[in-house]
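Take each chain as given, in its own frame, and dock them per the hints.
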Amino acid sequence: MTDHISTKAPAWRQTVGGWMAQFSRSRPTRPGETYGVPGQGETVVLSLATIAAFIFVWWLVTALGLVKPLFVPSPQAILSKFVDILTAGFTGTPLWEHAGISAARVFGAFLLACAIGVPLGLAMGMSPLVRGIFDPPIEFYRPIPPLAYLPLMIIWFGIGEVSKVLLIFLSVFAPVALGAKAGVRSAAIEQIHAAYSFGASRWQVLRYVILPSALPEILTAMRIGIGFGWTTLVAAEMVAATKGIGYMVLTASQFLQTATVIMGIIVIAAIAYAFDLLMRFIERRVVPWKGRM
Amino acid sequence: MALEISQASVEFPAANGRPPVEALRRVDLTIEPGDFTVALGASGCGKSTLLNLIAGFLAPSSGDIRLDGAAVEGPSADRSVVFQKHALLPWLNVIDNVAFGLKLQGTPKEQRYEVAEKFIGLLGLAGFEKSPVYSLSGGMQQRVGIARALTCDPKLLLMDEPLGALDALTRERAQELILRIWKDTGKSVFFITHSVEEALFMGTRLIVMSPRPGRIAHTFDLPFSQRFCDGEPARQIKASSDFVSLREEVLAIIFADEEEE
Ligand SMILES: Nc1ncnc2c1ncn2[C@@H]1O[C@H](COP(=O)(O)OP(=O)(O)OP(=O)(O)O)[C@@H](O)[C@H]1O
Ligand SMILES: [Mg+2]
Chain A
29 MTDHISTKAP
39 AWRQTVGGWM
49 AQFSRSRPTR
59 PGETYGVPGQ
69 GETVVLSLAT
79 IAAFIFVWWL
89 VTALGLVKPL
99 FVPSPQAILS
109 KFVDILTAGF
119 TGTPLWEHAG
129 ISAARVFGAF
139 LLACAIGVPL
149 GLAMGMSPLV
159 RGIFDPPIEF
169 YRPIPPLAYL
179 PLMIIWFGIG
189 EVSKVLLIFL
199 SVFAPVALGA
209 KAGVRSAAIE
219 QIHAAYSFGA
229 SRWQVLRYVI
239 LPSALPEILT
249 AMRIGIGFGW
259 TTLVAAEMVA
269 ATKGIGYMVL
279 TASQFLQTAT
289 VIMGIIVIAA
299 IAYAFDLLMR
309 FIERRVVPWK
319 GRM
Chain B
2 MALEISQASV
12 EFPAANGRPP
22 VEALRRVDLT
32 IEPGDFTVAL
42 GASGCGKSTL
52 LNLIAGFLAP
62 SSGDIRLDGA
72 AVEGPSADRS
82 VVFQKHALLP
92 WLNVIDNVAF
102 GLKLQGTPKE
112 QRYEVAEKFI
122 GLLGLAGFEK
132 SPVYSLSGGM
142 QQRVGIARAL
152 TCDPKLLLMD
162 EPLGALDALT
172 RERAQELILR
182 IWKDTGKSVF
192 FITHSVEEAL
202 FMGTRLIVMS
212 PRPGRIAHTF
222 DLPFSQRFCD
232 GEPARQIKAS
242 SDFVSLREEV
252 LAIIFADEEE
262 E
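As you go down the protein sequences, you meet chains A and B in turn.
So the numbering used here is basically just the index in the first sequence, starting at one, shifted up by 28.
So the numbering used here is basically just the index in the second sequence, starting at one, shifted up by 1.
Simulated pairs of lysine-lysine, DSBU-like, Cα-Cα distance not exceeding 35 Å:
(1) K96/A with K271/A
(2) K318/A with K86/B
(3) K318/A with K104/B
(4) K318/A with K110/B
(5) K131/B with K104/B
(6) K110/B with K156/B
(7) K104/B with K156/B
(8) K119/B with K86/B
(9) K131/B with K184/B
(10) K184/B with K239/B
(11) K239/B with K119/B
(12) K119/B with K104/B
(13) K318/A with K119/B
(14) K110/B with K184/B
(15) K131/B with K318/A
For the record, the hints were derived by calculation from the structure and aren't laboratory data.
Just chain B, with the same shape it has in the complex (with noise of 0.2 Å):
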């Protein structure tokens, strides 16, 4: 599934007084199938919002977004989307959340639980499928949040800082898990953190964000998700000295940034 933003651009209008913001200023991005594109930058730049444009929640004040040659209209399927604040449903379970995508798509109870149980037991939730979600820690239900975009089998899954508040340690298996089903499926991602050593491990592809007006300032090809792949142990990589200086170099394009101010 091939992803083609052109000169998108967004603005939100002007509201109680307050001037428009310009929240995306002519963006242009390619997601191919197969890619991982992580965008990285200071808090309100625009990532967020690009991220409601290619799951079809925003249209574009101008420019224009392909999905394989169609213009995206609106969400779908084929896009699932977890979300920054967890946007999960506190009048279903764990499991009922999970499997919630699909019983939206009409697939009996027993089928959905068989898919939504193997994803909770990924996610380390295993024993939790009856709790109510808000009895469940902020990590926790970020965890629940990103199970339900999975069990839903989307060609591109869409994160919104899907990871921010896990622990260290949950945080790299996390990582570690999605890349693996990334891999496995195929699948293409876009995945938002404010995490540069996140980003590095995980992504293909680099964007770097600038704020007001929000845009795209930098882009870099990575290689070190699919080292991973390649067997590759996790800490090894971001300990090797390519992904130390490109640390650095994508950190102090970030602090140039807030400098600015």
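Chain A with its partners taken away, still in its complex shape (with noise of 0.2 Å):
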């Protein structure tokens, strides 16, 4: 690498140029791989040492004493406090009836928002009247933090289910259609042509062309709903919830409980992970053409 350097540059500079110049080139391609495709390279390493460099610190502050525990309790007690909830349950309610609630609610209202969402974000794409008269509202409404609404939820549905599911729901609607409407432009207009050419309806176009060249972008934007929603959780189980993590954390909060604090937010993390790694799953087998032609 450093031979590219002027050999008169003393070593230090050689090495420093050396480093600075995987910034101003791609590095030479191994077999199989493409010169140049941004960002190639396998990251599975280097995640799990942050990760473990994460924990090693955090460990390392807690063992000293640098931090006082209710401010940052040290791994070990939030490990014994997940097995603790997990085992006695938090509130008399076991944790994975927590998860299983809360995820029950983000799953319930991320299909709805897809069933309703996908469908009415394509044929928003597709016809400027239904584009006309849905693109206000959703726009409108889209920027608006959730806990700002929150109390009109709980005014006009109560402080059940409805309210909660319905939360969740708004916050993944809007970029599930927003990115369903995008996906409709996707398709090359020759791709279109040639279907129609082939005496395609305009039926057949949607079904056959259009859909499926959207579907890249109808995914990325369920991927990015979802994550909405998660974070939407906590504000939805603020509302008179007995059950859930977002209830949990809370809770635990108001008595100082740091350790089941940080463990909530980590199995709301870990799922949501989970999720996001089955999506990107899921992409791979049914898209794998993304972004190749």
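The structure is reproduced here in structure tokens:
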């Protein structure tokens, strides 16, 4: 790598230059790779190392007593809290039930949002009439933080499951619908023309050309959407919940049970991350052609 | 199927501060059943625009286009298109791409695979039926595009530089294949190319177009494709003196156009 640098440069300049060079040009390809694909390369080892380093520093800070356990409990404390709540439960409900109920709320809202949002988004992409009608309301409520309209949800729909699921639903719905709408534009006009020149009807063009080519964007929108869903979960479970991870975190925070709070956060993150991995897997299986043509 | 274009003009309106483009001005063209019309001309002279007009993807700003007397109002299955940019569907494999037109027309799976299989073989793609199209080379993708249009058995076949990405040998084979299919089925063909030799060899009629505004500058009637169909070898035709002299004549016209720039 350093060969390209002037041989007169001092040694340290050569190393720095060699290190900098990786930013100015792509590294050479390995067999089976394509030169210059952005961000190409494995990251698993690096990611695991980061996590390990993070936990190590965390452990070190708490083990040396630099921070009070009230602010940052040790990793072991979180683990034992996890085992404790897993077996004994929190406020009389076992952990898996809290997690299950939260997951049911988020995934229920997510499925509902996809079932309505994807067709509506497609219709918005296809028809100026539908787009004209639905664009303003969606764009209007989309940037509002769910906490801001949470009181309205309670006033209108009470403190039962409806307002909880609806709150999450609304946060997932906008990105999914807008993603599907944008996805309609992904089909090349030549592909659409080809279908028409083979005698396709408008419906067939939608079904066989526009929908498949919108699929990558729809899947991405779903991944973004479910992210918003998890973000909104805690807000939703502020409403008179007696079960759920969000409820657990909120209640624990009132009693300054920091370990439970952090444990709850980790559980939410773990479920969300596992689902995202599943979605990425589905993406690879369903749209292997993404970005290839 | 007789296609008549009379006094058709296409103007792309001004946008983002660019002046309007007069892509075609007062074009007259008739394609009789069994005609093989080849369009030749410098890049940007309106060949693709003319093809889009015939296919029904564009409406003329003035003038009209008639198919067997009825005005063309949009695309339909009697005019299949092979596109300049492949326009294949990456989520389908080769055979499903080739059979796509038949699927839209409701042909049962077995039947359409049978037809598709035949054209895949004719275009030298046998063995790639299950390959994803994005894993094929540019020339192979073009051949898939040709096979896809042929399976639909259109009365008028519209081809926009369909052989541009093929190597010399495959290209000659594809030329001969298209000619044979054209002869056997009695289709009309509208064919765009940048290769003068290809144009002369394949067409029964050659239109040479000029840019700014796009228009048909010259028309030639060509005997060579008929001679090929009557059994004369392609290489011999391309080396014959009347072929060579016509090629020089057409090249002179095209170069003169470029000089004007
Ligand atoms: N959608 C469009 N909007 C504006 N101008 C256009 C559009 N399509 C084509 N043109 C213009 O019309 C002219 C003719 O374009 P066309 O694509 O028909 O050329 P062509 O003869 O097919 O060229 P090539 O051989 O490079 O494919 C060009 O000047 C082009 O810039
Ligand atoms: Mg063109």
